[in-house]
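Given these sequences and hints, build the entire structure.
Just so we're aligned: the sequence shown equals residues 42 to 188 in the numbering used here.
Just so you know, these hints were derived from the structure itself, not from any lab.
Quick caveat, the model's predicted, so the values are computed rather than measured.
We put the beta carbon where it would ideally sit given N, CA and C, even for glycine.
There may be inaccurate statements among the hints.
To be verified - Here are the simulated lysine-lysine pairs, PhoX-like style, with alpha carbons at most 20 Å apart:
no.: 1; residue 1: K169; residue 2: K119
no.: 2; residue 1: K111; residue 2: K184
no.: 3; residue 1: K111; residue 2: K183
Said to hold, decoys possible - For each label pair, taking beta carbons as the anchor points, the in silico distance ranges come out as:
no.: 4; residue 1: K169; residue 2: G131; range: 18 to 24 Å
no.: 5; residue 1: A101; residue 2: S176; range: 27 to 33 Å
no.: 6; residue 1: G177; residue 2: R152; range: 25 to 31 Å
no.: 7; residue 1: T94; residue 2: K169; range: 18 to 24 Å
no.: 8; residue 1: K163; residue 2: D141; range: 20 to 26 Å
no.: 9; residue 1: T166; residue 2: L99; range: 42 to 48 Å
no.: 10; residue 1: Q125; residue 2: L99; range: 31 to 37 Å
no.: 11; residue 1: S151; residue 2: L104; range: 24 to 30 Å
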Amino acid sequence: MSNKIKKQSLLGKTPARKKPTQTKRQRPTRQQQARAQAAQQSAPEIELKKSKTRWYALAAVVLILLITPKPVLITYEKLGMVSQSVFWPGVFGYGANLFDSTLSPRADLSRNIIYLCQDKRKPDTCQKYRVTEQSGFFAAMKKLIMD
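This is how it looks when you write it as structure tokens:
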């Protein structure tokens, strides 16, 4: 085998060497870089906004559930006749309802009295009943589902 001899010149000129070629990487343009940075920055903000809106919606639903009146299962009697019904007090006193009756109720549950009226504007159509027992929300829901 023969060894290649390097030629040298006396005046300092050397023969041209071939430079090793490097693989060319495509550098992203400034627009592409700006888009990538904007996408990275906006993605967490969108997730934060979604999670915040979910928490706000959940808080609103819980607040509405706490504010609205809940139905109550009441047992009332008059002259030995006992009846049990689900009473919904209405919103701020308007729209009170007994679910299994066509009569309009006026209730004073703190004094254990309920008035059932055929016409709320005429007090002589009302009958006074004594509330003997009050059960909570879950008992009322069970009664509504069973009937």
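Consistency of the hints with the structure:
1. Among the hinted pairs, K169 with K119 is consistent with the structure: their alpha-carbon atoms are about 8 Å apart, no more than 20 Å.
2. Proposed proximity of K111 and K184 is supported: the alpha carbons are some 14 Å apart, at most 20 Å.
3. Among the hinted pairs, K111 with K183 is consistent with the structure: their alpha-carbon atoms are about 13 Å apart, no more than 20 Å.
4. At roughly 20 Å, the beta carbons of K169 and G131 sit within the given window of 18 to 24 Å.
5. The hinted window of 27 to 33 Å between A101 and S176 holds, with their beta carbons roughly 29 Å apart.
6. The hinted window of 25 to 31 Å between G177 and R152 is violated, with their beta carbons roughly 19 Å apart.
7. Taking 18 to 24 Å as the suggested C-beta distance range, the pair T94 and K169 does not conform, at roughly 50 Å.
8. At roughly 23 Å, the beta-carbon separation of K163 and D141 lies within the given 20 to 26 Å, and the hint holds.
9. Range check, T166 to L99: Cβ separation about 45 Å, and the 42 to 48 Å hint holds.
10. Q125 and L99 have their C-beta atoms about 35 Å apart, which keeps the hinted 31 to 37 Å range intact.
11. Restraint check, S151 to L104: a C-beta distance of roughly 25 Å satisfies the suggested window 24 to 30 Å.
In this structure, the earlier hints numbered 6 and 7 are contradicted, and the remaining ones agree with it.
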